[in-house]
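*Asks:* Chains as they are written, first to last, in numbering that gives the first Met the number 0: chain A, 0 to 416; chain B, 0 to 403.
If you're looking for bench data, these hints aren't it; they were derived computationally from the structure. Since this is a predicted model, take the numbers as computed values, not measurements. For every residue, glycine included, the Cβ atom is placed at its ideal position computed from N, Cα and C. There's no promise every hint is true.
Said to hold, decoys possible - Footprint (simulated), chain B over chain A, 3 or more residues, beta carbon under 8 Å:
| hint | segment |
| --- | --- |
| 1 | 86–93 |
| 2 | 250–260 |
Said to hold, decoys possible - Selected chain A positions facing chain B (Cβ under 8 Å, derived; list incomplete):
| hint | residue |
| --- | --- |
| 3 | Asp70 |
| 4 | Arg137 |
| 5 | Lys141 |
| 6 | Glu142 |
| 7 | Arg143 |
| 8 | Ala384 |
| 9 | Gly385 |
| 10 | Asn387 |
| 11 | Asp388 |
Claimed, not checked - Pair ranges (Cβ atoms, derived):
| hint | chain 1 | residue 1 | chain 2 | residue 2 | range |
| --- | --- | --- | --- | --- | --- |
| 12 | B | Leu31 | A | Asn134 | 19 to 27 Å |
| 13 | A | Gln200 | B | Ser199 | 35 to 43 Å |
| 14 | A | Gln200 | B | Trp303 | 37 to 45 Å |
| 15 | A | Arg113 | B | Ala265 | 23 to 31 Å |
| 16 | A | His299 | B | Ser227 | 53 to 61 Å |
| 17 | B | Trp91 | A | Gln12 | 30 to 38 Å |
| 18 | A | Gln200 | B | Arg223 | 23 to 31 Å |
| 19 | A | Ala349 | B | Arg223 | 49 to 57 Å |
| 20 | B | Ser191 | A | Pro400 | 33 to 41 Å |
| 21 | B | Ser227 | A | Arg113 | 49 to 57 Å |
| 22 | B | Ser199 | A | Gly383 | 49 to 57 Å |
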Amino acid sequence: MKGTSMADASAEQRRYDEAQALAVAGKGPAFLPAFSASQLGTIGIELELMVLDRLTYDLLPAAPDILRLLDLQQKNWVATPEITTSMLEVATSILNGYLPAAAEIEEIRASVQRAAFKVGAAISGGGAHPFQKWNEQRIYPKERYRESAKKYGYLAKMFTVFGMHVHIGMHDADEAIRVCAWLTQRAPLFIALSANSPCWQGEDSGFCSARSNVVGAFPMSGTMPSHIRTWDDFAAHFRRLAGHGIVNSIKDFYWDVRPKPEYGTIELRVLDTPLNPGYAAALACYARELCIEFAASPGHWPRDDSAELYAWNRFNAAKDGVLADWIDPCTGVARPVRQVVLDDLERLAARSDDPGFGQACRLIEALMQDGGQARWLTAHMAAGAGMNDLSRVASEMFAHPVTEQDSRQTAAGGGPA
Amino acid sequence: MSDEVADLPLWLLSPLAIVGAGLLLSQVIGVLLKARGWPKLYGAVIAGLILGMSGFALIDAPLLMQFQELFNAAAALVLFEVGRKMDLSWLWRSGREGAALLLGCLLRGVGTLAVLVACGLGWSEAAFIAAIMIAVNPVVFTSMVSDSNASGVATYAGGNTVGISQLVALLALSASVAWMRSHGVNSELGFSGELVRQGSKLALGAAIALLCYGLYALASRISRAQASLRPGFLLAALMMDLGLCSVTSSSALLSLLLMGVLLRNAETRENVFQAQVKTAQDIGYALLFMMSAALVELQHLLNWLPLLAALLVFAVRMGLTRAALTPSGAWSRTKKNAIALSLCSLVSFGSLVVDNSMSGTGYMSDIAASVMAALLAINVLIAPGLTWYGLKLAGETHEGNEHG
Numbered sequence: 000m001k002g003t004s005m006a007d008a009s010a011e012q013r014r015y016d017e018a019q020a021l022a023v024a025g026k027g028p029a030f031l032p033a034f035s036a037s038q039l040g041t042i043g044i045e046l047e048l049m050v051l052d053r054l055t056y057d058l059l060p061a062a063p064d065i066l067r068l069l070d071l072q073q074k075n076w077v078a079t080p081e082i083t084t085s086m087l088e089v090a091t092s093i094l095n096g097y098l099p100a101a102a103e104i105e106e107i108r109a110s111v112q113r114a115a116f117k118v119g120a121a122i123s124g125g126g127a128h129p130f131q132k133w134n135e136q137r138i139y140p141k142e143r144y145r146e147s148a149k150k151y152g153y154l155a156k157m158f159t160v161f162g163m164h165v166h167i168g169m170h171d172a173d174e175a176i177r178v179c180a181w182l183t184q185r186a187p188l189f190i191a192l193s194a195n196s197p198c199w200q201g202e203d204s205g206f207c208s209a210r211s212n213v214v215g216a217f218p219m220s221g222t223m224p225s226h227i228r229t230w231d232d233f234a235a236h237f238r239r240l241a242g243h244g245i246v247n248s249i250k251d252f253y254w255d256v257r258p259k260p261e262y263g264t265i266e267l268r269v270l271d272t273p274l275n276p277g278y279a280a281a282l283a284c285y286a287r288e289l290c291i292e293f294a295a296s297p298g299h300w301p302r303d304d305s306a307e308l309y310a311w312n313r314f315n316a317a318k319d320g321v322l323a324d325w326i327d328p329c330t331g332v333a334r335p336v337r338q339v340v341l342d343d344l345e346r347l348a349a350r351s352d353d354p355g356f357g358q359a360c361r362l363i364e365a366l367m368q369d370g371g372q373a374r375w376l377t378a379h380m381a382a383g384a385g386m387n388d389l390s391r392v393a394s395e396m397f398a399h400p401v402t403e404q405d406s407r408q409t410a411a412g413g414g415p416a
Numbered sequence: 000m001s002d003e004v005a006d007l008p009l010w011l012l013s014p015l016a017i018v019g020a021g022l023l024l025s026q027v028i029g030v031l032l033k034a035r036g037w038p039k040l041y042g043a044v045i046a047g048l049i050l051g052m053s054g055f056a057l058i059d060a061p062l063l064m065q066f067q068e069l070f071n072a073a074a075a076l077v078l079f080e081v082g083r084k085m086d087l088s089w090l091w092r093s094g095r096e097g098a099a100l101l102l103g104c105l106l107r108g109v110g111t112l113a114v115l116v117a118c119g120l121g122w123s124e125a126a127f128i129a130a131i132m133i134a135v136n137p138v139v140f141t142s143m144v145s146d147s148n149a150s151g152v153a154t155y156a157g158g159n160t161v162g163i164s165q166l167v168a169l170l171a172l173s174a175s176v177a178w179m180r181s182h183g184v185n186s187e188l189g190f191s192g193e194l195v196r197q198g199s200k201l202a203l204g205a206a207i208a209l210l211c212y213g214l215y216a217l218a219s220r221i222s223r224a225q226a227s228l229r230p231g232f233l234l235a236a237l238m239m240d241l242g243l244c245s246v247t248s249s250s251a252l253l254s255l256l257l258m259g260v261l262l263r264n265a266e267t268r269e270n271v272f273q274a275q276v277k278t279a280q281d282i283g284y285a286l287l288f289m290m291s292a293a294l295v296e297l298q299h300l301l302n303w304l305p306l307l308a309a310l311l312v313f314a315v316r317m318g319l320t321r322a323a324l325t326p327s328g329a330w331s332r333t334k335k336n337a338i339a340l341s342l343c344s345l346v347s348f349g350s351l352v353v354d355n356s357m358s359g360t361g362y363m364s365d366i367a368a369s370v371m372a373a374l375l376a377i378n379v380l381i382a383p384g385l386t387w388y389g390l391k392l393a394g395e396t397h398e399g400n401e402h403g
């Protein structure tokens with residue numbers, strides 16, 4: 000009897016997965032899975048990485064070759080293709096705090112670095128390649144990406160940008176929507192902290208995160224509408240858009256923070272991939288602690304969740320990075336991002352039960368030194384480096400693990416050499 | 000172009016006009032071929048066949064001599080690019096991958112030697128041809144990479160191999176030439192004396208490269224030139240290098256190759272800038288056109304015995320290049336096949352040794368010379384196509400610009 004029910008459950012799960020896969024590929028009817036609750040505060044980190052030529056440090060279409068080597072390796076994490084063949088996506092397993100996250104991220108960094116070197120490529124973090132030309136990118140030979148290329152035309156190739164996504168486990172669907180709204184308010188802080196894409200298509204963009212502006216071209220970008228207050232509201236919103244043929248699956252929402260029902264998480268999607276993955280674990284744990292804090296105040300919603308205020312905070316964060324001001328939606332007071340983050344870290348550290356959160360805080364503080372990652376790069380430009388050199392410098396920052404000692408040197412010396 | 004000169008139209012008396020017309024014809028045929036899905040570079044091959052020794056004989060070796068300096072400069076630029084593609088750090092630290100590429104070079108030489116000896120050639124002239132057969136033709140490879148806009152891991156491995164193969168071939172050829180000269184009718188020196196003489200040409204070429212690179216580095220340091228300004232410094236250094244090699248009869252190939260290697264590997268921090276020879280494709284057209292016009296005589300392919308030997312050498316080279324890649328785990332089977340195909344081209348004696356005082360045929364018997372001629376004809380006719388197919392097989396070409 001038990002065997003039969005397990006078989007039934009397994010068949011049901013298979014049908015469910017197939018429906019989801021067909022919807023994502025645009026081949027089947029629109030499908031929104033039920034929110035599968037998970038343990039509050041579990042995290043998963045996705046990083047999109049650049050694959051570079053070791054001579055020119057231009058993008059190199061070698062992701063399939065690197066993936067072939069990574070597939071041969073026993074691992075808990077996964078490596079997958081992205082929309083163009085110069086992009087590589089890696090995702091951690093489900094983790095529960097800074098120390099395991101940092102350890103797994105370091106394993107990923109070393110493995111990807113090794114595999115890339117073996118085939119003659121280099122890897123780099125960073126939100127956007129400084130001088131790649133969108134029209135030279137090649138769509139990954141996979142049906143889903145070809146469909147995207149057909150659907151979005153040149154935008155698909157323009158989307159050769161490299162982001163970091165953080166999944167935070169939520170124990171309840173309605174709470175996921177509420178925490179989603181709270182985390183959205185603070186998303187600009189993460190844009191500022193991670194901003195490291197000052198150049199775009201061979202020019203200094205004047206922004207710390209040029210990548211952040213690229214996402215806005217997609218029709219379903221932005222934030223979760225403020226009228227959504229429960230999971231049922233979200234499901235109704237999905238059904239309405241699906242009825243118009245606008246969305247087919249959750250993946251069609253390019254929101255800065257979105258629920259991810261099949262994982263039972265909310266997903267923070269605004270970060271540039273850090274120049275060294277070591278910072279990713281620290282940033283993810285900052286987001287994790289914020290979500291745990293939000294979850295501890297049930298029933299509370301952001302006081303001002305207007306799209307205009309969010310857009311202004313987002314713009315400033317992308318433009319000026321950690322030197323930007325952030326208008327607190329609760330108080331309406333503008334404060335420096337750096338101070339807001341330091342206050343957050345101090346408050347969160349006092350209540351955190353994560354034994355490694357202190358280390359994470361120190362790495363985040365290091366990330367804010369000397370104007371943040373974007374200015375570490377632009378300092379090289381000011382010293383006479385060309386775009387190729389900038390790309391090389393970013394690649395070298397990826398090549399070694401980040402340690403607390405590095406962070407202190409960073410703080411003292413104006414960014415890693 | 001001899002007795003009937005007076006009857007020819009005036010424009011045919013201008014070598015420049017003939018070469019220009021040839022290049023125009025190359026482009027026209029190339030574009031027509033591309034529209035039918037064929038590699039555009041074959042336009043240069045076909046135009047060369049039409050206007051060269053196999054066709055109207057408007058372009059022959061004496062005419063090409065008038066452009067020797069120009070072609071040497073063009074070939075040198077290609078070799079400099081080949082040098083820049085040599086990633087010494089990767090070749091050394093990758094271990095099995097770098098070793099596989101080097102092994103391929105050695106096997107190509109040994110395999111050619113075995114085939115030619117089996118075909119009845121003497122050891123010394125077989126070794127002489129085998130040394131030449133180690134090298135992969137930089138013009139064919141870089142032109143086809145540029146023409147197909149190829150990039151990826153197979154292209155990267157191929158680029159490294161072209162550079163290594165030139166170095167190994169040069170060393171082997173020096174020893175071979177020294178042996179043949181010391182055992183020739185008019186030999187002046189013993190083997191060791193000849194070896195020193197050949198070696199000194201290489202050493203002088205290397206010294207000139209070091210000198211010119213040093214001057215480049217000094218000039219860019221003193222002026223604190225930003226990255227975007229350094230290519231101008233580089234061009235001046237390359238011209239000095241080429242000129243010094245020319246007057247000292249030292250190995251220009253090695254010297255330019257080393258300039259590229261130094262720029263790539265000596266000071267990465269200073270020298271990572273876009274100094275790509277953007278005109279590589281056009282240089283490739285010109286050089287391939289000349290190769291086709293002057294080196295291919297279709298009647299060489301009518302002599303079946305040398306043709307058979309040449310085809311065998313050609314096939315064995317490809318097979319051994321592929322075999323050498325087998326132990327490496329970095330490339331998939333398809334990529335390995337693609338790398339072996341894209342490295343099938345070969346060079347002539349003249350393109351390895353930029354020294355007009357020496358002729359390769361002077362070291363060879365009639366049968367060896369006819370095998371070599373057949374090899375060069377096969378190379379021009381088949382190698383560009385196989386190289387193109389290899390890059391395509393690797394999935395690393397980017398000839399279209401569709402969004403899907």
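*Asks:* Run through the hints listed earlier and report the numbers of any the structure violates, in increasing order.
*Replies:* Per hint list: 1, 2, 3, 5, 6, 7, 13, 14, 17, 20, 21 and 22 violated.
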